[in-house]
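Peer 1: Residue strings, one per chain:
Number of protein chains: 2
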Amino acid sequence: MRDFSQSHDMLSLNTATVRKQLGVETPLPKILDQCAKLGIRAIAPWRDQIHSTGLVETSKLVRSLDLKLSGVARGGMFTATDDAGLKLAAEDNRRAVDEACELNSACLVLVVGALPGALQGKAAHKNIALSRQQVTDGVGTLLEYARKQNMPLAIEPLHPMYAADRACINTMEHALDVCDALDPQRSGMLGVAVDMYHVWWDPKLKQQIDRAGRERLLAFHVCDWLTPTTDLLLDRGMPGDGVIDIKQARGWVEAHGFNGYAEVEIFSNRWWALSGEETLKTCIERHKTAV
Amino acid sequence: MRDFSQSHDMLSLNTATVRKQLGVETPLPKILDQCAKLGIRAIAPWRDQIHSTGLVETSKLVRSLDLKLSGVARGGMFTATDDAGLKLAAEDNRRAVDEACELNSACLVLVVGALPGALQGKAAHKNIALSRQQVTDGVGTLLEYARKQNMPLAIEPLHPMYAADRACINTMEHALDVCDALDPQRSGMLGVAVDMYHVWWDPKLKQQIDRAGRERLLAFHVCDWLTPTTDLLLDRGMPGDGVIDIKQARGWVEAHGFNGYAEVEIFSNRWWALSGEETLKTCIERHKTAV
Numbered sequence: 001m002r003d004f005s006q007s008h009d010m011l012s013l014n015t016a017t018v019r020k021q022l023g024v025e026t027p028l029p030k031i032l033d034q035c036a037k038l039g040i041r042a043i044a045p046w047r048d049q050i051h052s053t054g055l056v057e058t059s060k061l062v063r064s065l066d067l068k069l070s071g072v073a074r075g076g077m078f079t080a081t082d083d084a085g086l087k088l089a090a091e092d093n094r095r096a097v098d099e100a101c102e103l104n105s106a107c108l109v110l111v112v113g114a115l116p117g118a119l120q121g122k123a124a125h126k127n128i129a130l131s132r133q134q135v136t137d138g139v140g141t142l143l144e145y146a147r148k149q150n151m152p153l154a155i156e157p158l159h160p161m162y163a164a165d166r167a168c169i170n171t172m173e174h175a176l177d178v179c180d181a182l183d184p185q186r187s188g189m190l191g192v193a194v195d196m197y198h199v200w201w202d203p204k205l206k207q208q209i210d211r212a213g214r215e216r217l218l219a220f221h222v223c224d225w226l227t228p229t230t231d232l233l234l235d236r237g238m239p240g241d242g243v244i245d246i247k248q249a250r251g252w253v254e255a256h257g258f259n260g261y262a263e264v265e266i267f268s269n270r271w272w273a274l275s276g277e278e279t280l281k282t283c284i285e286r287h288k289t290a291v
Numbered sequence: 292m293r294d295f296s297q298s299h300d301m302l303s304l305n306t307a308t309v310r311k312q313l314g315v316e317t318p319l320p321k322i323l324d325q326c327a328k329l330g331i332r333a334i335a336p337w338r339d340q341i342h343s344t345g346l347v348e349t350s351k352l353v354r355s356l357d358l359k360l361s362g363v364a365r366g367g368m369f370t371a372t373d374d375a376g377l378k379l380a381a382e383d384n385r386r387a388v389d390e391a392c393e394l395n396s397a398c399l400v401l402v403v404g405a406l407p408g409a410l411q412g413k414a415a416h417k418n419i420a421l422s423r424q425q426v427t428d429g430v431g432t433l434l435e436y437a438r439k440q441n442m443p444l445a446i447e448p449l450h451p452m453y454a455a456d457r458a459c460i461n462t463m464e465h466a467l468d469v470c471d472a473l474d475p476q477r478s479g480m481l482g483v484a485v486d487m488y489h490v491w492w493d494p495k496l497k498q499q500i501d502r503a504g505r506e507r508l509l510a511f512h513v514c515d516w517l518t519p520t521t522d523l524l525l526d527r528g529m530p531g532d533g534v535i536d537i538k539q540a541r542g543w544v545e546a547h548g549f550n551g552y553a554e555v556e557i558f559s560n561r562w563w564a565l566s567g568e569e570t571l572k573t574c575i576e577r578h579k580t581a582v
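Top to bottom, those sequences are chains A and B.
Position one of the first sequence corresponds to residue 1 (this note's numbering), numbered consecutively onward.
Position one of the second sequence corresponds to residue 292 (this note's numbering), numbered consecutively onward.
Quick caveat, the hints were computed from the structure, so don't treat them as lab data.
Please note that a few of the clues may not be correct.
To be verified - Result set (DSS-like, lysine-lysine): computed pairs, CA atoms no more than 30 Å apart in a straight line:
1. Lys311/B to Lys122/A
2. Lys204/A to Lys359/B
3. Lys206/A to Lys413/B
4. Lys495/B to Lys321/B
5. Lys359/B to Lys311/B
6. Lys87/A to Lys359/B
7. Lys204/A to Lys413/B
8. Lys206/A to Lys495/B
9. Lys311/B to Lys495/B
10. Lys68/A to Lys281/A
None of the values given here were measured: they were computed from a predicted structure.
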């Protein structure tokens with residue numbers, strides 16, 4: 001297992017972690033500049049942030065600052081109520097692959113979607129099995145395109161509390177079932193993003209990490225589960241502040257040769273109320289002690 | 292599959308559903324009286340409510356009103372930081388079995404506990420595997436006692452969002468693994484409480500219901516998952532108001548011969564702000580249309 005205690009070379013910042021600073025939406029160029037100044041060498045930007053800045057401009061900045069991308073957040077949202085909706089989703093996902101390629105990302109992270117309309121407060125139906133089939137079909141179609149572009153797709157199992165509105169793939173086992181169905185040759189082009197917030201509770205976590213193996217372990221995300229958790233979306237904890245044994249799981253992942261970044265991704269009103277500098281310095285400190 | 296559309300004979304009221312009425316804590320005798328007046332024939336009371344009323348008095352009331360118990364909520368909370376704590380938990384669980392026997396309950400529901408201290412806001416450790424071992428040991432010890440009393444124990448897998456603070460058994464599969472280890476003979480004395488709120492999202496739900504079979508399907512609880520869900524504990528939905536296909540799952544359970552009550556259990560600040568009569572009448576209506 002790699003020693004993180006002496007440097008933060010393997011820290012990647014998911015840019016949502018500081019997308020609001022002192023409560024204000026913060027432009028991506030400022031975030032990238034802050035990272036560079038603090039010696040953070042890798043990032044995972046969100047597509048809405050990339051679009052606000054412009055893909056070409058983002059790409060220039062990333063290259064000039066010599067930043068690596070542990071991922072692009074996010075493709076996915078494959079489900080819809082009709083063929084037109086499915087087609088729009090497929091098109092948007094091809095653009096996401098293109099953007100990830102332009103930024104030379106390690107992978108495109110997929111948050112696969114769930115019951116159509118649920119995120120807007122009104123689910124169009126209750127048939128989660130149908131949504132899961134649409135997801136498998138959508139990932140399969142996108143995989144053909146991604147293979148040509150040589151961009152690995154990382155399915156991110158989301159915590160079951162997001163099964164209705166954000167992602168209907170909620171366990172490593174389910175994600176790997178989809179991977180095995182679509183990529184039985186284990187080509188390295190389809191795998192999982194292991195986000196500790198989403199999977200820490202799973203009694204089969206180690207078993208499924210072992211099943212995944214090096215070819216399917218494409219990303220490792222860290223934050224912590226707080227007790228109590230006061231909000232389903234915006235109360236994630238800084239590593240070390242909660243109950244997740246992150247180091248143990250990192251050991252399990254690295255035992256298979258995973259040598260990518262530990263990407264810190266924290267959606268939190270608490271941290272968004274602080275300055276970017278304070279949040280980033282805490283990320284660096286905790287990367288050394290709690291990741 | 293049984294037809295519930297014409298009567299609410301098979302509705303059981305988990306008394307937490309109306310434990311607050313118009314915002315005020317409501318005594319159990321009043322709740323039981325309300326049930327009897329509305330033709331609700333079964334209940335599942337909480338132990339703190341039983342203790343407030345007194346076990347003997349509760350037992351008298353239950354008999355005089357001819358109410359059946361679909362379960363007693365709850366035994367469990369098996370985890371601790373030391374032997375003294377484990378011993379206290381074991382003793383309390385034996386009392387819970389005794390109380391369930393006195394009330395002639397169909398089963399004692401077990402919410403098994405998680406990381407010690409987490410529910411109070413400060414977990415004593417992060418070793419969820421240790422908690423799971425303590426739970427298996429605790430259920431095993433209690434099972435010996437429960438067998439003598441002829442009181443079935445129903446492990447309730449709780450939603451993974453409660454894995455840290457309330458129950459570290461979070462899937463049907465895990466619960467049934469514990470059942471198979473402790474009761475390989477499938478005696479009918481150890482099984483699961485299938486609460487749709489906790490397990491609806493699981494892609495292996497039907498598979499594990501089929502694995503459970505009649506001997507292990509001891510209780511069926513209903514409420515609904517709202518989108519959005521605004522609180523991790525107190526924003527459960529009335530059946531029909533959310534995304535769970537309750538009827539489909541009831542069909543799966545009944546295909547194995549389950550013929551018990553559908554127990555409605557809703558913790559909700561929204562419903563607790565209303566009168567008990569309004570909440571109970573809505574439960575009855577939804578039992579006929581959405582369960």
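Peer 1: Please go over all the hints and tell whether each is borne out by the structure.
Peer 2: Each hint, compared with the structure:
A hinted pair counts as satisfied when its Cα atoms are at most 30 Å apart, and Lys311/B with Lys122/A qualifies at roughly 28 Å. The hinted pair formed by Lys204/A and Lys359/B fails the criterion: a straight-line CA distance of about 38 Å is larger than 30 Å. As the CA atoms of Lys206/A and Lys413/B are separated by approximately 25 Å, the hinted pair is consistent with the 30 Å bound. For the hint pairing Lys495/B with Lys321/B, the CA-to-CA distance comes to about 40 Å; that exceeds 30 Å, so the pair is violated.
A hinted pair counts as satisfied when its Cα atoms are at most 30 Å apart, and Lys359/B with Lys311/B qualifies at roughly 22 Å. Taking the CA atoms of Lys87/A and Lys359/B, the gap is about 53 Å. The hint is violated against a cut of 30 Å. A threshold of 30 Å between alpha carbons decides the hint, and for Lys204/A with Lys413/B the separation of about 25 Å falls inside it, so the pair holds. For the hint pairing Lys206/A with Lys495/B, the CA-to-CA distance comes to about 19 Å; that is within 30 Å, so the pair holds.
Of the pairs offered as hints, the one joining Lys311/B and Lys495/B is violated, with about 35 Å between alpha carbons and a cut-off of 30 Å exceeded. Pair hint Lys68/A plus Lys281/A holds up; C-alpha atoms about 19 Å apart against a cutoff of 30 Å.
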